[in-house]
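In order, the protein sequences belong to chains A and B.
With this note's numbering, letter number 230 in the first sequence gets 240, and the count goes up by one each step, no holes.
With this note's numbering, letter number 233 in the second sequence gets 345, and the count goes up by one each step, no holes.
Don't read these hints as lab results, they were simulated from the structure.
Think of the CB as a built atom: it goes at the ideal place given N, C-alpha and C, for glycine as much as any other residue.
There could be a bad hint or two in this list.
Stated by the list, open to error - DSSO-like, lysine-lysine: derived pairs with alpha carbons at most 27 Å apart:
{"hint": "1", "chain 1": "A", "residue 1": "K68", "chain 2": "A", "residue 2": "K209"}
{"hint": "2", "chain 1": "A", "residue 1": "K139", "chain 2": "B", "residue 2": "K291"}
{"hint": "3", "chain 1": "A", "residue 1": "K137", "chain 2": "B", "residue 2": "K261"}
{"hint": "4", "chain 1": "A", "residue 1": "K139", "chain 2": "B", "residue 2": "K261"}
{"hint": "5", "chain 1": "B", "residue 1": "K348", "chain 2": "A", "residue 2": "K188"}
{"hint": "6", "chain 1": "B", "residue 1": "K291", "chain 2": "B", "residue 2": "K261"}
{"hint": "7", "chain 1": "A", "residue 1": "K188", "chain 2": "A", "residue 2": "K68"}
{"hint": "8", "chain 1": "A", "residue 1": "K68", "chain 2": "A", "residue 2": "K139"}
{"hint": "9", "chain 1": "A", "residue 1": "K209", "chain 2": "A", "residue 2": "K188"}
{"hint": "10", "chain 1": "A", "residue 1": "K318", "chain 2": "A", "residue 2": "K281"}
{"hint": "11", "chain 1": "A", "residue 1": "K137", "chain 2": "A", "residue 2": "K188"}
{"hint": "12", "chain 1": "B", "residue 1": "K291", "chain 2": "B", "residue 2": "K382"}
What the hints assert, rightly or not - Residues from chain B that keep clear of chain A, each with C-beta distances beyond 10 Å, as calculated:
{"hint": "13", "residue": "L255"}
{"hint": "14", "residue": "D332"}
{"hint": "15", "residue": "Q386"}
{"hint": "16", "residue": "Q444"}
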Amino acid sequence: MSMPSAMPGALVGRGAAPATRELTMAQAIREALAEEMRRDPRVFIIGEDVAEAGTPFKVLSGLVDEFGRDRVIDTPISEAGFTGIGVGAAMTGMRPVVDIMFGDFIALVMDQVANQAAKVHYMSGGKLKVPMVVRTTMGATRRSAAQHSQSLHAWASHIPGLKVVLPSTPYDAKGLLKTAIRDDNPVVFFEDKLMYQLKGPVPEEEYTIPFGVADIKREGTDITIVATSSMVQVVLAAADALAGEGISVEVIDPRTTVPLDKETLIQSARKTTRTIVVDEGYERYGVTAEIASVIAEGAFYDLEAPVKRMGAMDVPIPFSPVLEDLTVPTAESVAAMARTLCGRG
Amino acid sequence: MARRTASREAQHDRLSSIPADQWIRMYRQMLTIRVFEEQVNELYTSAKMPGLAHLYIGEEAVAVGVCAALRRDDYITSTHRGHGHCLAKGAALDRMFAELLGKEAGYCRGKGGSMHIADPEAGNLGANAIVAGSTGIATGAALSAKMRKTDQVAVCFFGEGALGQGILYEVLNMASLWKLPVIYVCEDNLYNEYTPRTETTAGAMQARAEAFGIPAAEVDGQDVRAVHASALEAAKRARRGEGPTLIICHTYRFRGHHVGDVNRSYYRTKEEEQQWMAGRDPLQLLAQWLIGQKMATAGLFERFDQEIRAEVTGALEFALNAPYPDPSEVDQHVYA
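Just chain A, same shape as in the assembly (with noise of 0.2 Å):
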């Protein structure tokens, strides 16, 4: 993937600006937690470096000017600790945005994400609710090496109780960040650290973007290739190269892998009989897997050949960036596994 490299800039001014602006990831993301800082009091963030540093993707930057210190929470480097005291606050009436700077360190929070938080409203017999936003990142191939680079949404997914986003555009990003703050559920929001500069266009007005429904980010008719968060990106070149080969391609964002936009996805498979799932998490026991098995159960008459998965190769990210590139997903290599699907390899 090739990024712009600028920093992010100020939010983008309002008043007299056009009706949709290009945004970048890291802006809509930021946006989305003022507009609902704004309109909520009960909202707030917490979490490592939130405050004047804005976190070390800078996409908080100015936050805490507009909504000061007591809504900015900066905290120790205790991420379990501050997720527990989010899902207590979410649970006595606020409305905590948890900032969990490395995906990786999910890990360190997964006792009070999914024995605490995902379960609370379900073994208080629906008495109890926690409406906590857990914000992290995703991604390899930023040269950050294995600490820092999982993408670990299928762990989330596995947890009955939590909802799991997975934004791929800055206008996806910005409406499902505002649903997930609104959600009443524990929902757990995967940002790809490569993505941050992405741009796009994002309308000024207020817009969500409901949970569970799958985007077609490009109508095809040959294969179908459903692809999340950064892959979504890696996936529109492949199909752009394949278009020019003469292959349609379908591209189809789930956006949440929980819910799941079950029919949605079985339905284009019917359509183009031919799938592939391409997601950065570990290719192993992971999201590819259980997508593919809802798309083979569902269009399984209609399928010409089996359903493939592409995901990051089931092994420690490596540092040196010569093996880092092995062990995710390419536009060249989703392109390849789509000829040889289309009997064109």
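Mind docking chain B on chain A? Use the hints.
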């Protein structure tokens, strides 16, 4: 931060204004917990209760002394050994039994069971089956109270086994930094499950809080008056915005780790158990004091015993006859 080992005199000053009927009420609450737990044990031995339960017998003075210092809208979080906390914060016997039996009338519609009873109407944010698992929740409830500018207090009950969990220290640090209205109540019953505390816990327990600038009080957890005095002070401190307190209550689990833990000789002696039960029973200690103060007579306690046993029996009867949840409940309440 100086250690606060309250002198008997200072304690007496704080308690002298408390009228006799409050102590009597606390006695009745402790007795209610005792009789409830005895009944739970019987449900287990007669195979009427699914799963296990962790009995609070012997530790009643902690829950009762602390909860009597709280308002109804104050929060508590509880533990796997949580029946006492729930009852002391205001839970009803019948719905408690119903939950333990997996019935729809239970506090969690039968979906939580013994280790997960939550009663938000009474400020109980739930018992927790992960040791130290609720320390974040209680601290977060305190942050929430502070942000919402209520003067609610959150109490986090945990056993001394939780001193082994890292998250406790993370939240102690943040509670102190942010002066959160939270009271950490450590119930030191001497055993982490089946392992003596001395084998698991280095250094001084109170020093753990003091390292974070949190005052630590050590009290006799069998003396409900001492516990109550400490909790009153901690609650006052929390409501004044002065931050958290740790109260270490030295107590004893009269029964096993859970109802099935009958053979305990490999980790503690019968003599030790006898000594605590004969000389350090929180109910007896309070009764003796009340009689000594001429606030009550022996006859009164006999009457309480009869009344409470009848209440517990009635509540159990309700729960035994209550219906189980409908199978359609199984996938309800996964999401709000």
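(message) Hint by hint, where does the structure go against what was stated? Just the numbers, ascending.
(response) Result: hints 5, 8, 12, 13 and 16 break, sorted rising.
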